[in-house]
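First to last, the sequence lines map onto chains A and B. My numbering puts the first residue of the first sequence at 1, with every later residue one more than the last. My numbering puts the first residue of the second sequence at 1, with every later residue one more than the last.
Check before you lean on any hint, since a few could be wrong.
Mimicking EDC-like on lysine to aspartate or glutamate, the simulated pairs with C-alpha atoms at most 16 Å apart in a straight line are [stated by the list, open to error]:
id	chain 1	residue 1	chain 2	residue 2
1	B	K318	A	E33
2	A	K24	B	E145
3	A	K24	B	E329
4	B	K24	A	D285
5	B	K375	B	D285
6	A	K54	A	D42
7	B	K299	A	D285
8	B	K115	B	D324
9	A	K29	B	E329
10	B	K24	A	D42
11	A	K372	A	E232
12	A	K29	B	D289
13	B	K29	A	D324
14	B	K265	B	E232
15	B	K29	A	E145
16	A	K299	B	D285
17	B	K106	B	E329
18	A	K147	A	D376
19	A	K318	B	E329
20	A	K299	B	E221
21	B	K299	A	D289
Bear in mind the hints are in silico, worked out from the structure with no lab data behind them.
Number of protein chains: 2
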Amino acid sequence: MQKIAVLGYGVVGSGTVEVFYRNKENLEKKAGEPLDIKYILDLRDFPDSPYADKFVKDFDIILNDPEVTVVTEVIGGIKPSYDFVKSSLMAGKSVVTSNKELVAKKGAELLSIAKEKNVNFFFEASVGGGIPIIKPIHACLEANEIKEIAGILNGTTNFILTKMFRDGMGFDEALAIAQQLGYAERNPAADVEGVDACRKICILASLSFGRHVYPENVHTEGITKITPEDVEYVDSHNAKIKLIGCARREENNEISIGVFPAVIKDESQLSGVSDVFNAILVRGDATGDVVFYGKGAGKLPTASAVVSDIISAVKHTKTSRSLDWQDSEQSFIRPFERFVCGNYIRLLANNPDETKSAVKTLFGDVEYLTSKSRKDNELAFVTGEMTEGEALDAMNRLSEGAEILGRLRVLDY
Amino acid sequence: MQKIAVLGYGVVGSGTVEVFYRNKENLEKKAGEPLDIKYILDLRDFPDSPYADKFVKDFDIILNDPEVTVVTEVIGGIKPSYDFVKSSLMAGKSVVTSNKELVAKKGAELLSIAKEKNVNFFFEASVGGGIPIIKPIHACLEANEIKEIAGILNGTTNFILTKMFRDGMGFDEALAIAQQLGYAERNPAADVEGVDACRKICILASLSFGRHVYPENVHTEGITKITPEDVEYVDSHNAKIKLIGCARREENNEISIGVFPAVIKDESQLSGVSDVFNAILVRGDATGDVVFYGKGAGKLPTASAVVSDIISAVKHTKTSRSLDWQDSEQSFIRPFERFVCGNYIRLLANNPDETKSAVKTLFGDVEYLTSKSRKDNELAFVTGEMTEGEALDAMNRLSEGAEILGRLRVLDY
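Using the sequences plus the hints, can you model the full thing?
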């Protein structure tokens with residue numbers, strides 16, 4: 001019999017308890033032994049809950065109970081989660097978490113403590129909600145050298161972008177609907193500024209490339225500057241705009257990484273990912289492109305991933321050697337000015353013919369795009385691949401005779 | 001140090017050896033101990049191979065060598081693979097295989113022997129090539145009750161259907177190109193008649209629903225009867241035709257299962273899966289729809305899955321409790337006449353107005369489709385959901401005043 005504690009009875013916590021008891025019999029069969037949730041930690045009271053007798057307010061009760069072998073942290077944030085998780089691992093208990101901020105900021109340290117104590121630190125639910133992605137990367141694709149990983153990692157922004165494309169809405173209107181539907185927070189900054197997607201690509205990149213990538217070292221842009229004009233041009237180009245987090249193995253043991261809205265052609269498996277769905281593309285040297293798709297958030301999908309990790313933690317009482325990465329310094333992250341991609345650029349030209357000639361000189365051959373609401377003297381085009389530094393430099397020179405109205409990077413997945 | 005034997009040095013076998021040695025250092029780190037391939041079994045000689053000293057022709061050498069802990073069967077077919085796999089398991093060695101025919105026909109028995117001997121029988125590569133699907137189902141989605149599973153499981157037929165849709169080719173022409181490119185065998189029956197897809201959906205259904213589904217009990221249709229006319233009508237309906245294997249949990253502990261070409265709307269994640277790619281959709285009660293996409297065949301993708309299983313077998317020296325199903329009888333498979341789906345029907349009517357009136361009576365409200373090469377008196381329409389028996393009965397009655405030229409089932413994923 002192994003006993004589990006659940007820290008936090010919010011959306012994911014209550015979902016975890018629900019999914020656990022709904023499937024208890026089957027889960028015990030897979031675990032090979034009886035299981036139970038012994039404690040639920042929450043500062044609030046839930047006197048009418050069927051689990052009322054399990055609630056505690058003092059974390060030390062859990063920490064000091066040797067019967068508890070697996071601690072499930074679904075509070076979110078760094079305080080007090082970090083202390084709870086760290087002390088649980090130090091006490092020889094395995095930890096399961098859905099907390100992407102915690103893993104993105106403290107993953108290397110917590111994995112190292114888990115290894116030292118020969119227990120596990122699992123976080124399948126921290127990326128992609130109910131989509132299996134963490135375990136598939138380290139326990140199914142380990143015969144590959146992962147070359148690149150890229151994904152639509154935030155459902156809120158994908159919902160907003162879908163509304164902008166399908167219904168021609170502006171950003172503010174689409175955001176308001178996302179807020180009405182409960183997909184976006186009252187303060188939507190963490191989603192629309194790319195902070196959430198950044199944490200997730202940090203976790204995926206750390207796992208794929210073996211060294212911790214800290215969020216503060218990742219170039220991050222959100223979707224707030226995308227206009228209906230950009231949407232129209234990109235749509236006419238048979239493409240979509242998606243908020244992409246991506247990381248790529250480069251020469252000299254470096255990686256390129258970034259989070260930004262990108263133009264994705266409709267042939268891509270990522271372009272058809274709509275509404276609040278997420279998808280993650282993993283490019284391996286042996287397996288080629290593999291894509292994982294599903295609901296990236298929500299009570300039950302996320303709880304499904306948490307409960308799966310609980311079963312893994314129960315079954316694998318020794319530390320997992322494959323789920324691991326080292327702490328690292330910024331130096332292995334290639335400066336973003338050397339990031340290579342195509343560019344979509346929209347501008348208002350004083351003299352379109354002169355500007356076209358300058359575009360040819362600065363960007364080489366480009367593809368000009370059309371749009372039914374195109375204004376006089378407006379030009380929009382897509383360039384071939386170049387570094388970020390080259391693109392910024394060329395745009396700077398171009399702005400002598402033109403006002404640059406919009407720019408997006410173009411990715412080829 | 002664990003020693004591995006590879007049975008068969010064909011495409012997958014040589015790929016397995018290549019991927020293993022290319023990543024040996026990293027694989028040993030993940031396994032936590034040194035690993036090596038000690039034997040390669042093949043009747044042919046490979047004197048110039050860098051692994052020439054590992055080749056043996058007598059399986060008993062492998063069977064009787066206690067150093068060999070993991071046997072990798074990549075010969076394919078039932079003879080002699082079944083005997084080799086069975087005796088390896090009986091001898092207490094774990095077995096990894098890419099052999100879908102073997103798993104679909106003998107899975108329950110081999111899993112049961114593995115359990116008895118406390119070793120593992122792994123077969124990630126038997127479905128979806130390099131796409132992780134077997135382990136994600138049993139080790140990541142185990143907190144779900146799987147409601148339904150459906151997939152594009154055969155790359156050859158998907159390539160042919162893609163050619164028919166994109167380039168307006170007929171079946172024969174598209175098949176000839178697939179053969180030229182090496183995607184289809186000289187005798188393409190196993191692919192185009194749905195036999196290969198049937199084996200794969202049997203494996204997925206057995207794993208998802210816990211009881212062995214034998215291929216001979218599964219209604220299986222291929223893609224040979226699809227005409228360019230059908231393609232045009234379906235295309236105008238914003239849909240594609242895909243060879244789908246699907247299995248669904250039903251009431252009374254039954255399952256519905258079948259393999260057939262189906263109309264899939266373009267909104268579906270399965271519709272954009274082109275060329276030789278595969279995709280598998282898993283519908284869980286907690287996680288909703290999750291889709292896994294990638295290359296369903298090929299030397300290195302398949303080898304990547306085989307090598308991943310080898311690492312799992314090395315690490316997990318006890319039998320896996322989650323990868324398991326029971327032997328079963330046909331009785332839990334619902335007769336196909338009770339399979340529920342929509343229908344696409346194309347017919348030549350003696351009197352179109354009369355036929356339309358009969359269609360209304362027999363099928364209720366239907367959606368009529370258009371096509372630019374539509375012939376006089378030709379009608380094509382899509383019905384709502386009904387059972388196979390109801391559809392056949394209605395088509396039978398309809399054929400009194402009309403010649404039915406084409407019929408496809410319509411699935412909603």
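Here is what the structure says about each hint:
1. K318(B) <-> E33(A): holds, 15 Å
2. K24(A) <-> E145(B): At roughly 11 Å apart (the allowed maximum being 16 Å), E145(B) and K24(A) satisfy the hint.
3. K24(A) <-> E329(B): Outside the cut-off at roughly 27 Å; violated.
4. K24(B) <-> D285(A): holds, 14 Å
5. K375(B) <-> D285(B): violated, 45 Å
6. K54(A) <-> D42(A): OK: K54(A) and D42(A) at ~10 Å, within 16 Å.
7. K299(B) <-> D285(A): This hinted pair holds, its Cα atoms lying about 12 Å apart.
8. K115(B) <-> D324(B): holds, 9 Å
9. K29(A) <-> E329(B): violated, 22 Å
10. K24(B) <-> D42(A): Outside the cut-off at roughly 47 Å; violated.
11. K372(A) <-> E232(A): Answer holds: K372(A) to E232(A) is near 8 Å, not above 16 Å.
12. K29(A) <-> D289(B): violated, 24 Å
13. K29(B) <-> D324(A): holds, 11 Å
14. K265(B) <-> E232(B): holds, 14 Å
15. K29(B) <-> E145(A): Judged against 16 Å, a Cα distance of about 14 Å means the pair holds.
16. K299(A) <-> D285(B): holds, 12 Å
17. K106(B) <-> E329(B): Within the cut-off at roughly 14 Å; holds.
18. K147(A) <-> D376(A): violated, 43 Å
19. K318(A) <-> E329(B): violated, 39 Å
20. K299(A) <-> E221(B): It is violated: about 39 Å lies between the C-alpha atoms, which goes past 16 Å.
21. K299(B) <-> D289(A): Holds - the C-alpha atoms of D289(A) and K299(B) are around 14 Å apart, at most 16 Å.
Violated hints for the displayed structure, listed by number in ascending order: 3, 5, 9, 10, 12, 18, 19, 20.
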